[in-house]
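Note that the protein sequences, when read in sequence, are chains Y and F. At position 18 of the first sequence (counting the first as 1) the number is 18 in my numbering, and the numbers step up by one without a gap. Plus 1000 on top of the position in the second sequence (first one is 1) and you've got my numbering.
Simulated from the structure, these hints should not be mistaken for laboratory data. Using N, Cα and C, we set each Cβ at its ideal position, and we do this for glycine too. Careful: at least some of the hints might be erroneous.
Quick look at which bits of chain F chain Y covers, simulated, 3 or more residues with Cβ under 8 Å [unchecked claim]:
{"hint": "1", "region": "1032 to 1046"}
{"hint": "2", "region": "1067 to 1077"}
{"hint": "3", "region": "1082 to 1094"}
{"hint": "4", "region": "1098 to 1104"}
{"hint": "5", "region": "1141 to 1151"}
Here are some chain F residues pointing at chain Y (derived, C-beta under 7 Å) [claimed, not checked]:
{"hint": "6", "residue": "ALA1052"}
{"hint": "7", "residue": "PHE1056"}
{"hint": "8", "residue": "ARG1131"}
{"hint": "9", "residue": "ALA1138"}
{"hint": "10", "residue": "GLU1161"}
{"hint": "11", "residue": "LEU1162"}
{"hint": "12", "residue": "ASN1179"}
{"hint": "13", "residue": "THR1193"}
Below, a list of computed lysine-lysine pairs in the DSS-like style, where the Cα atoms sit at most 25 Å apart [stated by the list, open to error]:
{"hint": "14", "chain 1": "F", "residue 1": "LYS1152", "chain 2": "F", "residue 2": "LYS1197"}
{"hint": "15", "chain 1": "Y", "residue 1": "LYS539", "chain 2": "Y", "residue 2": "LYS524"}
{"hint": "16", "chain 1": "F", "residue 1": "LYS1033", "chain 2": "Y", "residue 2": "LYS53"}
{"hint": "17", "chain 1": "Y", "residue 1": "LYS524", "chain 2": "Y", "residue 2": "LYS478"}
{"hint": "18", "chain 1": "Y", "residue 1": "LYS259", "chain 2": "Y", "residue 2": "LYS278"}
{"hint": "19", "chain 1": "F", "residue 1": "LYS1197", "chain 2": "Y", "residue 2": "LYS74"}
{"hint": "20", "chain 1": "Y", "residue 1": "LYS264", "chain 2": "Y", "residue 2": "LYS539"}
{"hint": "21", "chain 1": "Y", "residue 1": "LYS53", "chain 2": "Y", "residue 2": "LYS74"}
{"hint": "22", "chain 1": "Y", "residue 1": "LYS53", "chain 2": "F", "residue 2": "LYS1197"}
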Amino acid sequence: MIRHETERLWALAADELELDDRRYVELHLSDCPECRDALEAVELARRALESAKAASPSIDWLSTDEHVGSLVEKRMRVAARPRWVPFAFAGGLVAVAAGVTFVLWPSEAKTLEAPPSEPPLVQVSQPRPVRVELARGLTRVSARSEPVSAGETLKSGDVLRTGVAGKAFVHLPDSSHVRVAAATQVALTRAEADDVALTLSRGRVSVRASHEQRRAFVVHAGDVAVHVVGTIFSVENGAEGVEVAVAEGEVRVASGEGKEAAVKGGERLSIDPRGRTKLGRLTPGLERELSEVQGVAEAVTSAEQQVVTVAAKGGRAPAKQPGGLLPRLSTDEARARQVTLDEPAPVQAAPAPATTTVTVEPETQVEVEPLDGPGTAFPSLAGGYTRGVPYRNEVALDAPAPAPAAAPATSPKPEGPASDESEWAALPKAQPAPAPASAPPTLIVPMLEAKPAPVAAPTPAPLATKTSKSLEQVFLEKAEASLTQGGCERYLPGLEDIALESQGAAQQARILRARCFDAQLRPKQAMSEYAKYLEAYPKGRFADEARSALGQ
Amino acid sequence: MTAEALPLPRLVPTPPPTGQVEARLLRLVDRIKADDALAFEELYRLTRDDVARTLFHLTGRRNDLDDLVQETYVRLLRAVPSFRGESQFRTFLYRVCANVALMHLRWWRRRREDLTDDVPEQLSIGPDPERAAQQAQATRLVHRALETLSAKKRVVFVYHELCGMGPEEIAQAVGASYNTVRSRLHSARLDFTNAMKALVQDAEVRP
């Protein structure tokens, strides 16, 4: 068959010929058996094409939406950053350091305490609000949609929406965790400590429900209600119906027609708009997402246990906040959270009347020193990442037996921005006595404790290093342990955040991501991570490992 | 039948702009140029299915279609500021898809991997399993036949035969002249027909 024959036969089959041409070709075909065979081949090819045209690929859109969203968000963030930012940042650091030094001078310290008009920091009877742990592209839907950022509190009745670039972790008053996926709209219909109801309009939420006693925990999606006792599950409300996936425990799914079904761990129940149900297994994507929620919960639990242990050893109760199990600091407070009880000079104690904190137990003032930089970052309890400085007071309380005197003047003092290890090695060792007027710059943060804390002797740095860990370090250790124990994928998002934003632990986070992908037999992603590592740290601690993995 | 005996076939012209949809996309582009992330979100929602289907046919990829879709939108975001409205936005989008697909086709062909073994697994199973199975089989055959085409011919052929684009629009999307597109298309049709015939005969010999 010569080329022109196929062209014209294809044109005939595709109805691309004018009427006269068509008649001419058809006339020719009636006298040419070879051309009829050729036309048959063309028609066969076209039929296959027609069939293939209707085929649509199966794509995990939730995951793709999320990835595209985060990539776009990063790109827009980078694009929005002018080139002078690094210089401005360096200049800003100097200015902030000078400003903080000025602000934290003893005579000014009192002004940083909570003004009398602010609500009490600790109030046992106050209801716990919904706390946003991580917010990316999150808005509160109302007459005027307003963006929500991490650390904000929400209340019953609020409607949350995430964009395609969005993702959020929300800590509910009953200590449950909710991960709001991209392109989701969910209403906090009831968000009380003993009664939770979420209404999912679209998208997906993944929930790690706590085991606290409560009246109900229900997720409504269309006319489907998912009743929970204590489990890890997700609910998706999309065009193809509602899907309930359970990683652990069991949920009871009630449809609008009065039917009920139980979904157990590892199962996925789909309910189409006609009410037909289909039971399947968890998909890997869902497993990863639910693992992430579990990872967040474990990180929180780990941090809580650390505080509790500290309290037991130090004879203190962990600080309680209305927002949740861990102490939360306001923005101003968060700017200066480094406890410096190992300072040579004692603290400037705040006069009782100046402190507006209402406590049910005696209160202790803990001295803190200026943070080492406004950009210090640490992993949030939501498994994400938060700007600021990590908590130090709770680990600081893990000091040995109290000493009667203040710390000696020869105690080592951390200078300037230090690595994570050195920073945390310098954690407070003692509760200082009231300071003289000549005390160094301090900021007063009220701490709740059972009794006035004695002043402890300074602890050697190595021991302090061993016992004092930031949440970031805890996270990295757990991630590293998961490489051998399994389940490292739940740490991947948090590691990415650390790798992108941390000052001291970015290298480790990047290499851990690579190792995790390696362990999961995902070579493409592992190679990509190793390559990113080498690009960022060509002479880094793990450069040899990365080069070896890349075959260089 | 000879070339002189019959007139040259006429290719299907570019369909007219889709009016409201195109206008909506252009409004979104203006907003994206003003760094409106939500506009890009909406653009993504409007076009992602089309992009995924196009990339699927362009590359026949099985495992990393998600990655290709992501890469396409990252490139699109980067390229949108350069879009001056000289063509339809759809054409502009297909140009980005073509670039992503060409890069991956060349890369994978260097790897000499068989790309089409698992094509049916890539398909979304509809309500009719029998029809889905036939569709999967047809798609597998088509993608295997497409593998015999060069990357450039494949792009032109897929855009015309599977995406319904006219030659002028394809010319804009691939950055080639009308005659080049027409030549590639005719050549691709011949290659594709021969490949399909061979595949069917092979299937009949080895059922």
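Would you mind confirming whether the straight-line C-alpha gap from LYS539 (chain Y) to LYS524 (chain Y) stays at or under 25 Å? The given pair, whose Cα atoms are some 23 Å apart, holds under the 25 Å limit.
Would you settle whether the hint for GLU1161 (chain F) is holds or violated, based on the nearest Cβ-Cβ distance to chain Y being less than 7 Å? It holds, given that the least Cβ distance between GLU1161 (chain F) and chain Y is near 5 Å, below 7 Å.
Verify this for me: three or more residues of the region 1141 to 1151 of chain F with a beta carbon less than 8 Å from a beta carbon of chain Y. Answer holds; 4 residues pass the 8 Å Cβ test.
Can the restraint linking LYS264 (chain Y) and LYS539 (chain Y) be considered satisfied, given a maximum Cα separation of 25 Å? violated (49 Å)
With chain Y as the partner, please determine if LEU1162 (chain F) meets the hint condition of a C-beta pair closer than 7 Å. holds (5 Å)
With chain Y as the partner, please determine if PHE1056 (chain F) meets the hint condition of a C-beta pair closer than 7 Å. holds (4 Å)
Is it true that the CA of LYS1152 (chain F) sits at most 25 Å from the CA of LYS1197 (chain F)? Cα-Cα ~22 Å, so holds.
Are there at least three residues in the region 1067 to 1077 of chain F whose beta carbon sits under 8 Å from a beta carbon of chain Y? holds (count 5)
Given coverage of the region 1098 to 1104 of chain F by chain Y, checked by CB-CB distance under 8 Å (3 or more): violated (count 0)
Hinted pair, alpha-carbon criterion (25 Å max): LYS524 (chain Y), LYS478 (chain Y). Please report holds or violated. With a Cα-Cα distance of about 24 Å, the restraint between LYS524 (chain Y) and LYS478 (chain Y) holds, given a limit of 25 Å.
Please check whether the region 1032 to 1046 of chain F has three or more residues whose CB lies within less than 8 Å of a CB on chain Y. n = 7 at 8 Å, threshold three: holds.
Would the hint linking LYS259 (chain Y) and LYS278 (chain Y) be met if the CA-CA limit is 25 Å? holds (13 Å)
Checked against the numbered hints above, the structure breaks hints 3, 4, 8, 12, 16, 19, 20, 21 and satisfies the rest.
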